[in-house]
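Using the sequences plus the hints, can you model the full thing?
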Amino acid sequence: MHTLSVAALSKSLKNKEFSSVELTQHYLDRINRSDLNAFITVTDELALSQARAADAKLANGSGSVLTGIPFAHKDIFCTKGVKTSAGSKILDPFISPYDATLSHKLNTENMVMLGKTNMDEFAMGSSNENSFYGPVKNPWNKKMVPGGSSGGSAAAVAGRLSPFATGTDTGGSIRQPSSLCGITGIKPTYGRVSRYGMIAYASSLDQAGPMTQTAEDAALVLNAIAGFDEKDSTSALRDVPDYTKSLRDSIKGLKIGIPKEFFSDGLDSGVEKVIMESMKEFEAMGAELQEISLPNSAYAIPTYYIVAPCECSSNLSRLDGVRYGYRCKDPKDLNDLYLRSRSEGFGDEVKRRIMIGTYALSAGYYDAYYLKAQKVRQLISEDFKKAFQNVDIIMGPVSPTTAFELGAIKDPVSMYLADIYTLSANLAGLPGMSIPAGFSNNLPVGLQMIGNYWSEEVLLNAAHQFQTQTDWHSVLPENI
Amino acid sequence: MSLNKEQVKEIAQLAKLSINDSEIEQSTIELNNILSLMAELGEIETDHVEPMAHPLEMSQRLREDVVSETDLSEEFQAIAPKTGKHHFLVPTVIE
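If you read the protein sequences in the order shown, they are chains A and B. For the first sequence, counting from 1, position 262 maps to 262 in the numbering used here; every step adds exactly one. For the second sequence, counting from 1, position 54 maps to 54 in the numbering used here; every step adds exactly one.
Check each hint, because a few of them may be wrong.
Stated by the list, open to error - Listed next, the in silico DSSO-like pairs over lysine-lysine satisfying Cα-Cα at most 27 Å (straight line):
1) Lys-89/A - Lys-16/B
2) Lys-410/A - Lys-5/B
3) Lys-329/A - Lys-9/B
4) Lys-332/A - Lys-9/B
5) Lys-260/A - Lys-375/A
6) Lys-83/A - Lys-85/B
7) Lys-385/A - Lys-375/A
I should point out that these hints are in silico values taken from the structure, not numbers from a laboratory.
Right, dumping it as structure tokens:
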């Protein structure tokens with residue numbers, strides 16, 4: 001049953017082919033046998049009690065389409081009474097006293113949380129190697145990274161340790177691990193899903209979304225989590241469509257823009273081949289391809305690596321060892337408490353970004369860095385506005401390469417450069433998606449789709465249509 | 001623009017991070033590498049560009065001035081490293 005999609009599981013639960021308790025136990029057994037290190041916390045007892053409650057709902061016919069479906073929850077979402085670490089030592093002792101809005105919404109559907117997934121510390125990383133809890137292995141090849149920062153979520157879904165998982169995407173953290181692990185992931189428009197209780201990294205970029213096996217599953221989950229939230233001042237006051245309604249629409253005449261800048265030098269030829277083949281597939285389905293230009297897209301890297309560290313240096317100042325989380329032993333005074341709690345609690349990459357942000361925001365440097373980056377952010381955003389006057393959707397690679405070896409990239413700047421294709425959607429606030437499009441050297445390749453604001457339906461429709469014509473999304477790693 | 005070790009120590013101090021002598025060399029190199037990456041933005045003419053602080057064209061919402069939060073002080077203090085008499089405790093600041 002672990003190879004079934006959310007949509008298929010939902011039908012099976014409704015038809016009483018198995019119970020949610022049986023399904024949950026099956027996944028818990030798989031998680032306990034797994035060596036992927038995809039989970040930080042496995043919530044066995046909670047999961048089984050949630051499954052029993054779901055079975056009761058299903059028995060009296062009051063369940064929703066998601067009732068009784070197990071999921072893996074990125075450890076960045078606060079979960080009441082359950083450790084919420086954000087992959088960091090500094091939050092290792094943190095048992096959240098409240099639920100994130102997203103956690104609450106999944107609870108009200110009577111879904112079953114299997115556990116909290118591993119991630120790069122505070123979502124800072126592209127390989128999941130920055131976790132206090134150790135790296136996650138890619139189910140396609142355990143010597144490889146799963147991508148990051150939602151690496152645990154991606155590995156859990158690809159390894160079929162969970163039917164789907166939650167993720168967050170600040171600069172590619174849903175799309176890139178989805179690509180590297182061969183699953184489907186969508187980062188909605190900024191403001192579509194509430195950020196309340198989602199531990200903040202860079203508040204003007206962060207957005208949550210589902211990581212699933214199929215586009216149909218992503219639509220089902222997005223239906224449950226999208227929408228305005230009074231508790232998040234950046235959530236958008238807009239109606240949420242039923243994302244499953246438009247999945248089956250024809251994509252004949254869909255105008256696809258292919259940015260020439262996404263096919264520049266650093267792109268691996270195996271990845272490029274897969275992307276070009278998937279373009280042909282879309283053409284065969286009646287879509288129209290056209291080359292476009294996003295002239296400032298190369299500047300997304302320096303822009304992002306100013307904006308995000310600036311925001312994180314401010315956001316993470318709350319972690320001071322006073323009110324929650326890790327406190328150093330025997331602080332001699334208040335300054336020592338701050339210094340040692342933070343220095344012992346944060347990992348290297350987090351410290352690096354805090355330092356960069358602190359410097360860029362310090363007196364005399366604000367205009368040169370943060371203000372400059374905000375201006376270039378505007379230019380990057382305008383490039384997209386121009387492009388969307390002529391096309392409905394933009395497509396290209398998610399990542400310049402397939403999954404790389406654990407430990408292979410040691411230099412921080414080289415790691416940043418690998419985010420080239422994903423950062424600009426976050427800077428502009430646009431929705432983006434990764435879907436399985438093929439393989440290069442036996443590793444999955446994801447196709448990225450970027451849509452106009454609030455056009456998640458267009459992305460999900462195109463993705464679903466692609467998945468009716470191809471079966472890349474149902475190819476499994478060995479021994480699953 | 002490149003940072004020396006002393007400046008890196010100052011930034012660490014501002015960020016309330018301690019950095020020891022064995023780490024300072026490597027940190028300085030890494031931070032300078034990142035700053036060189038950022039320097040690429042200098043190539044772009046942005047004099048007449050409006051800075052973009054937020055991806056959506058929206059303004060801060062206002063709401064009625066009514067109490068919406070419940071008192072969770074006990075729950076919040078229960079997870080604190082050290083508390084006493086309903087306060088969060090830290091080492092003595094003023095003798």
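**Study point:** In rising order, the numbers of the hints this structure does not comply with
**Key:** Per hint list: zero violations.
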